[in-house]
Amino acid sequence: MKYAFIADLHSNIEALEAVLHHAAMHGVERRVFLGDLVGYGADPAAVVDRVAACLQDGDLAVMGNHDSAVCARERDAMNDEAQAAVLWTRGQLSAEQLSFLRDLPLILRQDDITCVHASAAEPGRWTYVFDGLAAMRSLEEAGTPWVFSGHVHDPTLFYAGRDGRLLPFLPSEGVAIPVPAHRQWLSIVGSCGQPRDLRPGARYALFDSDQQRLRFFRVPYDATVPAAKIRAAGLAERFALHLEGRA
Amino acid sequence: MALAAGDELDGYRILSRRHAGGMAVIYDVARDDLPAPAVMKVPRFGQGDTGATIVGFEVEQMVLATGDGDPLPRLFGQGDLAATPYLVMERIEGTVIADLVDQAPLPFDALRRIGIAVAEALDSLHRRDIIHLDIKPSNIILRPDGRASLIDLGLAHHRRLPDLLAEEIRRPVGSAPYISPEQVLGVRNESRSDLFALGVMLYELATGKLPYGAPSGLSGMRRRLHVQPLPPRAHRPDLPPALQEVILRCLEIEPAKRYATGHDLAADLQHPESMQLGERAHRSGQDGVLQRLRRWFVGVGLEPAHMQGAPVSSGAGQVPIVLVSVAVNHTNAQAHAALRREAERLARGRPEARLAFITVVRPPPAMGTAEDSHSAPREHLRVLVALRNWAAEVDVEAARVTCHVVEGADPAEAVLDYVRSNHVDTLLLGAPPASLADSRLLQPVAVRIALQAPCTVVIARVPQA
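Residue numbers (the working numbering), protein chains in the order written: chain A, 1 to 247; chain B, 1001 to 1465.
Everything labelled a hint here was simulated from the structure, so no lab data went into it. In this text, a Cβ means the ideal position worked out from N, Cα and C, and glycines have one as well. Check before you lean on any hint, since a few could be wrong.
As the list claims (entries may be wrong) - Partial list, computed: chain B residues near chain A (C-beta under 8 angstroms):
#, residue
1, Leu1015
2, Val1055
3, Met1062
4, Leu1081
5, Pro1085
6, Arg1160
7, Leu1164
Said to hold, decoys possible - Away from chain B, derived, C-beta distances all over 12 angstroms, residues of chain A:
#, residue
8, Glu17
9, Arg102
10, Arg109
11, Gln110
12, Arg183
13, Arg246
This is chain B alone, in the form it adopts within the complex (with noise of 0.2 angstroms):
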């Protein structure tokens, strides 16, 4: 089907041709019942086409319509597959990443705004139980106001609908320099993987080079399966060791040592001094021969089950949050005992869950203050050393802790603001003290958040004799 300005179909008006790929055209339209500026997307049907591109098409029909926009492009309407295969859908306004990969490599600064975005669209698709399976430079639209969006669903898997991409004999579907090892296995239902092409993308951009290059074949991705990328910092050593921290934890060949969903990947860019840097950080060549070589074996193994229908553990925005909210600078030791010990029965009641402590400082006076060892930046590091040493008490394992200082000047207003912007599913708090219990006109905090919070509360007290 060749359209033309000035052409109509379905009473959309062809206003001009936007761009013409390899499997789709995109027109700007117009109709006067749109209720934002819109693009037809067209398949194109041509020689020798197996019918892959008319399923991708059927997947991404299917997935934009379970959908309410953002991160993905609304979807306004639809052609009939069998006579006018088309997507009417919103024009996403921005800039594709796919062009700034020429000014790569990117200042520090850009990387993680990009680095930041990109994730917290993934994981809000993700929370919506759709894995992207094609996240690169040409899909990632940032908008101008700092947001992205996901576009060409083609391969993308919905975890409660049925796959029409899915096959008895899996065969790698995605592309080449993006894609992650389990899906050149032919994995499917695996969200880290949108966070391992993330990772493959903010390499690129920040240095410009490809990690794993642009393999043509199955052995070229195969690689990927064994051999550790070079560590970015070998290209470019002036980045940052906390970027390469997060930029190897996504490229990591196992998807549980990635991090567990979009929003964790965002929150370590938002707080890069937060971080606690590992050996990814430091890393300065590709290991040894050995190593690579049990990685293989490791690699061979990895073949994954049957993955029809069973749904996954790994499930990004299914990872529990328990928030505890600690009051560091209090003295009661009775009370922050007993706080430990149900942050410690929390925790192994539900052994998936990652458990985050939490504790306000108030933000710092506007004009600054005259005595430089209370300076926001130290009074922040203080607090946070103080609670991490609080967290190192509770027994649980440290891979499932986060320790985080927020501020605000009302304590039960900044918990509350970390409860809804991060899901949580369950929050364990300090009872009051039994002095305010009377009190009208000062609600406790605790009270404030318990009565608000949009989740579980659980309520810790010294036991009474």
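For reference, chain A alone in the conformation it holds in the complex (with noise of 0.2 angstroms):
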């Protein structure tokens, strides 16, 4: 099975369509939503029915840290501008938008398979998977071979070195790297909706289950187009900006 997983949306529908089209392109079977479809971006009405559409068809998702403010009224530690975007996002979507983002799951089992926002220790504290400490947490408590996970925005693949302690290693676009299933891996998959490191592109993972192989890409697409509409809304600047790689 070729599975895509997509992480960290964030209301980016350009982005997403991208990525969606690359992906089938490749002959992925079954699309993983792994959290954050909404904040930050323009556009979440969009995303979310687009998502919504793609779970009929028997894809997956499970909820992430934005998702979970925008329709539980909770605030988590977001900073000034986050909390500005979800009040504002929350206005956006409809009553039954903001059920569908309500009823989605924090964790996700799919044969060997983990699917989970943050940290599968724990996944509604949304802890971030910076290093192979928390890795290791994560892996211990999912207790399967393979693990993919977002929140964290720029991808990285963690495995064990000769020791055992867990090691990340920053993967090379597009490149098959073997993970075979007698040994763990976290990938994280980067995000498809806002990158953070300078580069824009809409970045996604694509499993073979069968090869046991993971590619990390990076799919371009015109950018000027999701930061247009954030400058128009009037949600805070730097969202634009890192959508063109300026910030």
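Taking the hints as your guide, dock the two standalone chains into a single complex.
Listed below in structure tokens is the structure:
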């Protein structure tokens, strides 16, 4: 089975469409959305509808902290700009769209794969998996050979080094990495709709579970369109600059 | 898993046991669908195994699977790692260099031939983003066609794949006599480590001695961080200085002072007469206590930064080459000045690039010539001197510059051939004279080159009034 793992879409419909098209061209059979469908960007309704349509076709999704904040009125430890975007987003969504977000699970297990927005250890606490120790906690709790997550926006593959401790590996775009099931692998697939590494483009990961190979992609698309929408909506300039690779 | 002739595993028939090593057993095998003669490598997982054998086996499998063979054996099949781990790969015929060590000191010509073959094999390996990290005589096979194949990838590092042998607390991984100083410190992403190991091997084949002995402990291995070896000519005084220069340059403690790529090394061995010999070529003893002490302090400070992820700048095969084609015999001073100016501009724009100046001479007539002053080697040397003088007027650091005189009846084809075989990134040419611009019959050399070169081509022209 060929999976596309798509995380941190952040109300960016142009990035999402680019990734879905790229994945289809590569023969992806199932898409898994790893949370944060909304927040930051200006197209929350379009993204929620698109993901909801995919789920009708058998795709899967989990909840992210922005999704939770938008529908649950909770204020996570967000900065003011992000919080303003959460309030704005809430006003853009219908009751039906909000309830779709509210019903997303925090964590999913599919065969040997665990899907979670942040860490499989206490998924609702939105722990950032920045280092080997945090990755180890998530992998131990998950107990599956493969864990896929988002939350951290830069793509990273955590794997066990010679002494068993987890090491971060920064993947090269498009290179097929063998990820055999006798080891454990934690993939941070990178942000689809809100990159933070000064490089525009929509990230996602493609996993072939038969071949046990993993590829990280950065799909080019016209980021000026969603950036212009962010500015027109009066959301924080920083979110637009991230899309353009300028901040 | 003990296999014997006649056994069968996943359809592979065991023909015979070829080699039983400490880490693995190699069998000759057959199966109807194999495209070439093959061997099966079965790891020995024994008592007291710490898991390093298994990881090495995984690494070899992962690295071989990325490749399309040469200079590595092609991978034909593999067993399930959890149940019956094995690799089936191409059987490489030829001479294992380990079998030549007993015959050392080898004749100079054999040394050069081996050095060139292994250096070119390393160059092509490094271009595929793989660093071998266990280059030694038992891991290299010289094939009948003269090329070298590299086997046993159990310690290898692939720049674009997770390094399963990496760890937070770094330990030396490699073979004690051949391990590079940076490997002793746990660095695994330096391609010039392989060139150091090749230097140790050439030293051994040239003199019959190991430059650092065969230390058994860490402190013995650390010696090479601050002690330079006795020059090979101390063991073998008739060794040509150029060969000593090559070997000692490979054995430099700092990777940056070694050859940048295997190809650079091979080029020196191919044309020792055009090498500029330095202090290394004539060194006769080890350096003094003060010098060593100074190096010891440098060695202590050599502990590297964390290597995960960040690409290293030193990647072999990644040093860009700017090739400048110079017609040294042309008399148009303005055209020469324009070409030099453009060369300086390109050099400034790409500080990491090497500048190679090339000029083409016609091959000597097959029958030779009566006048000794026109003999091919002399003519070659005369042109080389002229080219060096030409290049000396280009304002760029001498260390970045090399000069090459190549022979060819067709200058365009000779330049293109150099571009292709040296993976040149940018080619700089002088514009053809205006008088040729309208010629339909005679296509200027520069135009033919520009049309066919597989790289960026820059044409320098004298500014028009």
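Out of the numbered hints, which ones does the structure contradict?
1, 5, 12
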